[in-house]
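Q: Chain residues, written in single-letter form:
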Amino acid sequence: MRRLVAALPLMWLGLFFLVPFLVLLRISVSEPAIAQPPYLPLFEWADGLLTMTLNLGNYIFLAEDPLYLFSYLSSLKIAAVSTLIALLLGYPMAYAIARAPTGRRNLLLMLVILPFWTSFLLRVYAWIGLLKANGLVNNVLLWLGVIDQPLVILQTDFAVYLGIVYTYLPFMILPLYATLSKMDGDLLEAAADLGARPAVTFLTVTLPLSMPGVLAGSMLVFIPAVGEYVIPALLGGPGTLMIGSVLWNEFFLNRDWPVAAAVAIVMVLVLALPITLLRRIQAQEES
Amino acid sequence: MTDPQPLLRIDSVTRTFGDVYAVDDVSLDIRQGELFCLLGGSGSGKSTLLRMLSGFDAPSRGRIVIDGQDMAGVPPHRRDTNMMFQSYALFPHMTVERNIAYGLRRAGIGRAETVVRVREMLELVQLDKLAGRKPDQLSGGQRQRVALARALARRPKLLLLDEPLGALDKKLREETQLELKKIQETLGITFIVVTHDQEEAMTLADRMGVMQEGRIVQVGTPREIYEFPRSRFVAGFIGTVNLFDGTITQDRDTDAVIDSPQAGGPIRIPHAITGTVGQSVTVALRPEKLVIGRAPSEAHDNHLSGQIRDIVYQGGLSVFHVTLDTGMTVRVTRTNRVRDEGAAIAAGDRVALGFSGQSVVVLPS
Amino acid sequence: MLRAITLLGFAFLYAPILSLVIYSFNESRLVTVWSGFSTRWYAELLQDDQILGAAWISIKVATLSATLATVLGTLAALALIRHGRFRGRPALGGLVTAPLVMPEVIIGLSLLLLFVAMDNLIGWPAGRGVLTIVIAHATFGTAFATVVVQARMVSLDRALEDAAQDLGAHPLRVFFDITLPGLAPALISAWLLAFTLSLDDVVIASFVAGPGASTLPMVIFSKVRLGVSPEVNALATLMIATVSILVLAASFRSWRR
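Chains as they are written, first to last, in UniProt numbering: chain A, 1 to 287; chain B, 1 to 365; chain C, 1 to 257.
Keep in mind that the hints were calculated from the coordinates and are not lab data.
All of these numbers come straight from a predicted model, not from anything done at the bench.
Beta carbons: idealized from backbone N, C-alpha and C, even for Gly.
Be aware that a few hints might be false.
To give an idea of the interface, some chain B residues facing chain C are shown, with a C-beta separation under 10 angstroms as derived from the structure [unchecked claim]:
{"id": "1", "residue": "Tyr21"}
{"id": "2", "residue": "Pro76"}
{"id": "3", "residue": "Leu90"}
{"id": "4", "residue": "His93"}
Using the sequences and the accompanying hints, generate a full structural model.
A: Okay, structure coming up:
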């Protein structure tokens with residue numbers, strides 16, 4: 001009984017999360033082929049021996065074509081900029097929520113979480129209507145006289161930043177709120193009592209103590225943003241390079257599964273560092 | 001200790017966690033109907049011992065025998081013991097009534113009888129009117145009583161209480177101590193109470209055991225433990241004590257002398273002591289056994305002199321910190337029997353302290 | 001200043017949602033030009049067999065995968081919180097948190113490759129469709145469900161279970177009498193979260209769905225890639241209304257307590 005409790009989820013996640021990675025790794029070093037599925041068999045029986053051919057060609061291909069390098073770098077840049085914007089917007093919001101009276105605090109928290117429960121896809125889609133040339137944003141700006149010609153916002157990197165910040169803002173606010181609300185109010189009063197001005201108190205007490213929340217929130221935005229596909233697909237333009245889209249196109253359009261697998265493996269390696277960082281913060285928070 | 005059939009026999013029980021001896025070779029017999037207190041600081045092993053009695057933990061070595069039955073391998077739900085938890089552990093989704101009925105239903109007692117017995121319990125703890133409430137609608141004192149009633153409802157052979165009054169404030173705690181003792185005497189159920197509060201142990205216990213680092217260092221009645229501690233640890237843990245280091249210089253059948261440089265001379269004891277001449281010992285003297293005065297009194301066979309450093313007025317009594325001429329500071333307490341104004345002894349005054357050699361306890365150093 | 005940023009932030013979060021709702025009642029197909037109140041897009045939505053079919057598949061997939069995820073997540077949380085140290089603990093701990101941070105494209109691609117390889121090797125799962133989507137969604141749903149149930153389990157007073165056992169309840173009975181009622185709110189949240197995530201996923205489903213089965217998000221995605229569609233606005237409004245009512249009802253209940 002006791003064993004089954006742990007064994008069941010362990011087996012499920014092992015089979016459907018861990019093993020797929022091994023398959024992914026294996027296919028990333030196999031030869032593409034025009035076949036169904038489009039790669040050469042993973043194993044072969046030859047002379048009564050099970051043999052496996054490893055082919056690093058896919059990785060060499062990735063290294064040689066600058067498109068891939070640019071896509072990785074561009075993904076990192078887009079994710080980093082979006083994370084920074086989300087932090088600058090999310091921190092004051094989390095701070096205001098943490099300082100609000102109890103009743104209102106719960107309401108505000110619910111308002112942060114509520115969009116998360118409504119379809120992500122539809123919320124990103126909503127921005128198309130807002131950002132189009134004859135969309136709401138342009139109409140309002142024209143009406144106000146700020147501009148005299150519609151701005152091109154949709155299908156730019158700016159729209160992608162907007163979409164990422166918009167989608168992942170709750171992920172930034174919640175861990176920030178968690179650390180800020182845990183903070184002992186006496187600490188702030190103690191700092192004030194010892195002669196610190198509010199701004200100094202913020203810089204010397206609040207901010208350092210909320211660093212775990214800042215890091216956790218940032219990683220929770222940054223990591224999925226790097227691999228994002230839907231947002232650049234809907235809001236980005238032809239010039240928007242993101243590795244998630246590259247992988248998608250290799251798989252669905254070029255039907256080059258081995259290269260798609262190699263792209264995925266490299267993405268995992270790129271994300272290993274931020275993921276390790278996030279796990280370390282979370283482990284520290286638990287203890 | 002020589003009871004042929006104690007209700008509970010703890011026989012050389014040891015519990016280790018890795019290299020740590022949480023409970024270290026404890027042996028203890030507890031008689032039917034006794035209220036026994038296990039007293040110790042945090043980490044002394046008292047709670048681990050309690051968890052082994054209730055079955056939530058098992059000894060690494062040794063045996064626990066309840067009413068003649070070896071408890072090895074018997075899970076908590078098959079033991080004839082019940083526990084009152086420190087946090088009370090009242091089921092938040094059940095009413096007071098259902099909380100108390102829970103154990104009875106599990107024991108296979110029918111609905112009709114359960115109702116009767118729950119009533120009895122509610123009356124016993126005077127909560128008849130709150131039967132339909134949920135735990136979060138009760139005060140701390142009321143929750144404590146529900147927890148007690150729930151644990152008693154099955155009429156266990158042995159009731160284990162883990163810091164039963166720890167969550168109550170001081171005044172309520174004192175009232176409840178007496179109430180708890182009355183209930184125990186009425187029902188005749190054997191209680192084992194774990195506590196870190198020495199006053200609570202002194203008030204409740206028929207007998208108590210003092211635990212230190214996994215061992216029981218002394219067992220006895222509260223009076224025995226207070227008046228005749230067997231070690232410096234016990235003397236210091238129960239109440240406060242002044243300790244003088246010294247050497248035995250004379251040990252005869254009728255009297256003994258211990259020379260203590262800290263006391264500034266010999267301490268005379270009018271009876272024989274265990275020890276040999278030349279052995280280093282510690283003399284323990286409770287603060288209330290010292291009598292403070294302006295000049296030495298003939299009534300005492302031992303005298304010290306010094307200067308008052310400060311006086312702490314506590315209402316019923318005053319505590320004097322007196323620095324002896326040897327440099328050591330002792331505590332002296334005095335009941336404020338008369339309201340003295342003006343003429344009182346003040347800080348800085350020179351005073352004489354007297355005590356009877358009968359009142360000291362000689363401990364191995 | 002703090003107030004202004006906070007208000008701006010909430011406006012930023014809610015303006016797009018509001019615009020979806022408003023324009024779902026717009027007469028004109030040109031979503032951005034207001035030409036009068038109308039419910040015609042709702043009527044068209046209810047006659048769109050493609051969307052209705054996909055919605056039905058999505059609800060089936062979400063229900064099944066959320067249920068599986070809640071069961072697996074509860075077991076995982078139970079093992080992680082209550083079993084102390086056991087041999088598979090580090091592995092389980094890592095496996096339940098990894099899907100939380102793994103980009104969807106990678107989860108989708110790797111699972112698809114597994115399904116294809118398994119199909120070739122042992123003939124199961126034969127082809128792709130509802131079954132493979134359910135498996136994929138249950139997998140990442142389990143990770144989220146574990147987190148939710150774990151959080152609740154940690155705050156559950158262990159002494160309650162000890163007390164029940166001390167009062168004579170068999171461990172299995174303790175689980176049903178004490179543990180499960182204590183976990184109930186978390187189980188509901190976990191199920192709803194897994195359900196929502198499944199209903200929301202387009203990337204993973206696109207990889208593992210195969211040609212036969214299209215989920216609602218897949219259909220929506222293919223529609224909106226071509227541009228704005230008032231029918232989708234109507235659908236969004238219905239979904240937002242459902243979620244809002246559920247969330248409001250839930251928070252109203254917790255307020256009354």
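Q: Would you mind marking each hint as holding or not holding in the structure?
A: Hint by hint, here is what the structure shows:
{"no.": "1", "hint": "Tyr21", "result": "violated, 20 angstroms"}
{"no.": "2", "hint": "Pro76", "result": "holds, 5 angstroms"}
{"no.": "3", "hint": "Leu90", "result": "holds, 8 angstroms"}
{"no.": "4", "hint": "His93", "result": "holds, 5 angstroms"}
When the structure is compared with the earlier hints, a violation turns up for hint 1 alone.
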